[in-house]
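If you're matching them up, the sequences are chains A and B in order.
All residue numbers for the first sequence refer to the working numbering, where the first residue is 1 and numbers rise by one.
All residue numbers for the second sequence refer to the working numbering, where the first residue is 1 and numbers rise by one.
A portion of the hints provided could be inaccurate.
What the hints assert, rightly or not - Part of the chain B face toward chain A, derived, beta carbon under 10 Å:
no.	residue
1	D25
2	S50
3	P58
4	K73
5	T83
6	G94
7	D95
8	Y97
9	M98
10	M131
11	A138
12	G143
13	I149
14	Y151
15	S190
Derived by calculation from the structure, the hints in this document are not laboratory data.
The C-beta atom is built at its ideal place from N, Cα and C for all residues, glycine as well.
Protein chains: 2
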Amino acid sequence: MDNQVCNGTSRIVGCRFSVHPMTEDFVSVILGALEEVDTSKVWMQTDDVSTCIRGRLPHVFDVTQAIFAQAAKTGHHVAFSGTYSVGCPGDTEGDVYMSEDDTKVNNSDIDQYAACDFALYPLGSDSYMDMIMEQVEAAKQRGLAVESIHYATKLRGEAKEIFATLEQAFTVTQEHNSHVVMTASISANSPSHKKETDNE
Amino acid sequence: MDNQVCNGTSRIVGCRFSVHPMTEDFVSVILGALEEVDTSKVWMQTDDVSTCIRGRLPHVFDVTQAIFAQAAKTGHHVAFSGTYSVGCPGDTEGDVYMSEDDTKVNNSDIDQYAACDFALYPLGSDSYMDMIMEQVEAAKQRGLAVESIHYATKLRGEAKEIFATLEQAFTVTQEHNSHVVMTASISANSPSHKKETDNE
Numbered sequence: 001m002d003n004q005v006c007n008g009t010s011r012i013v014g015c016r017f018s019v020h021p022m023t024e025d026f027v028s029v030i031l032g033a034l035e036e037v038d039t040s041k042v043w044m045q046t047d048d049v050s051t052c053i054r055g056r057l058p059h060v061f062d063v064t065q066a067i068f069a070q071a072a073k074t075g076h077h078v079a080f081s082g083t084y085s086v087g088c089p090g091d092t093e094g095d096v097y098m099s100e101d102d103t104k105v106n107n108s109d110i111d112q113y114a115a116c117d118f119a120l121y122p123l124g125s126d127s128y129m130d131m132i133m134e135q136v137e138a139a140k141q142r143g144l145a146v147e148s149i150h151y152a153t154k155l156r157g158e159a160k161e162i163f164a165t166l167e168q169a170f171t172v173t174q175e176h177n178s179h180v181v182m183t184a185s186i187s188a189n190s191p192s193h194k195k196e197t198d199n200e
Numbered sequence: 001m002d003n004q005v006c007n008g009t010s011r012i013v014g015c016r017f018s019v020h021p022m023t024e025d026f027v028s029v030i031l032g033a034l035e036e037v038d039t040s041k042v043w044m045q046t047d048d049v050s051t052c053i054r055g056r057l058p059h060v061f062d063v064t065q066a067i068f069a070q071a072a073k074t075g076h077h078v079a080f081s082g083t084y085s086v087g088c089p090g091d092t093e094g095d096v097y098m099s100e101d102d103t104k105v106n107n108s109d110i111d112q113y114a115a116c117d118f119a120l121y122p123l124g125s126d127s128y129m130d131m132i133m134e135q136v137e138a139a140k141q142r143g144l145a146v147e148s149i150h151y152a153t154k155l156r157g158e159a160k161e162i163f164a165t166l167e168q169a170f171t172v173t174q175e176h177n178s179h180v181v182m183t184a185s186i187s188a189n190s191p192s193h194k195k196e197t198d199n200e
């Protein structure tokens, strides 16, 4: 494996994810969300288990955030599960999307409470606990509630701040590591959400 | 990080997962599945995003397979997303469950077609592509359809063979690597499943 440190956002980034609306009407929630999202700056393929998008880092986060936001806007309990990757051996197809500029094309600035479990794996690095701790501090600065849980870190608060934290954590980590993987499970409109305000 | 090779199944293994039934009635599907599953041999904790179970390797796979099987049995479109981990720095709580024997306590041998995306990450290893290829061959021997996709491997076929493949892949890999993470997204009763038999 090539362990060289690559140059930030010039590398192709991907996310394989699923959106699960907890309703019999899941097909129209998913299709409706996709219709509202501009996916023109990423390569995209969907099958019976997941959707894979690939392109430049900002657009991969822009599109996943927008799809989650649109699905959550329906009010249904919606869960997003995804794995973001960069530097995977053999990742080449879809390079045409690497010529896109940095401008995000979706506006996902809706108010939406969400909770997220995320885990960051800089493969081949043995100092990743420090990186995770730095990102935990950054999440707190964004007003998110942060909790350390087994195998992951839990973030609670505004969905846009959660995605901003995920994007920053991934960006910073991949600047120092050739191959980085980050998992995120994000939930909206759950009857079991325990918001911070519940205690006030 | 401690990179020593540890002795197989004597280590604590965990899985953080969510089960998403695509129905308004998701609460009763999840609770109903949990009621039918014997979780006595694992440490378990559930919150608003996910459930975490921890214990000996066979029981972590036994319980996740059983919960998926019970939820799928309802006939609803059900998705399971989970991350299996072993050797995570700081993993200690719940060690009391490590004294359990090897006997699995759930019977999940139902006929259930499923499709699964899985990805195996032996952290700190640079030869993991070979390990994955070996497990792909083993999956084919079990009668599963195997497809290489971006960032993952897709398995299609009987759910019990999918879980057997996941358990074997994880077992073999963690025998040679201190810290191993494996993600799995498994889908049952999806209207977009394209079964192998569709082409016959």
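Hints, one by one, checked against the model:
1. D25: The hint holds - B/D25 has a Cβ within 10 Å of chain A, the shortest such distance being about 9 Å.
2. S50: holds (5 Å)
3. P58: violated (19 Å)
4. K73: violated (17 Å)
5. T83: holds (6 Å)
6. G94: Status holds, d = 9 Å.
7. D95: violated (13 Å)
8. Y97: With Cβ-Cβ at 13 Å, over 10 Å, it is violated.
9. M98: violated (15 Å)
10. M131: Given a least distance of 13 Å, the restraint on B/M131 is violated.
11. A138: At 20 Å from the nearest chain A Cβ, B/A138 fails the 10 Å test, so the hint is violated.
12. G143: violated (18 Å)
13. I149: holds (7 Å)
14. Y151: holds (5 Å)
15. S190: With a closest approach of 5 Å, the B/S190 hint holds.
The structure fails hints 3, 4, 7, 8, 9, 10, 11, 12 (numbered hints given earlier, in ascending order).
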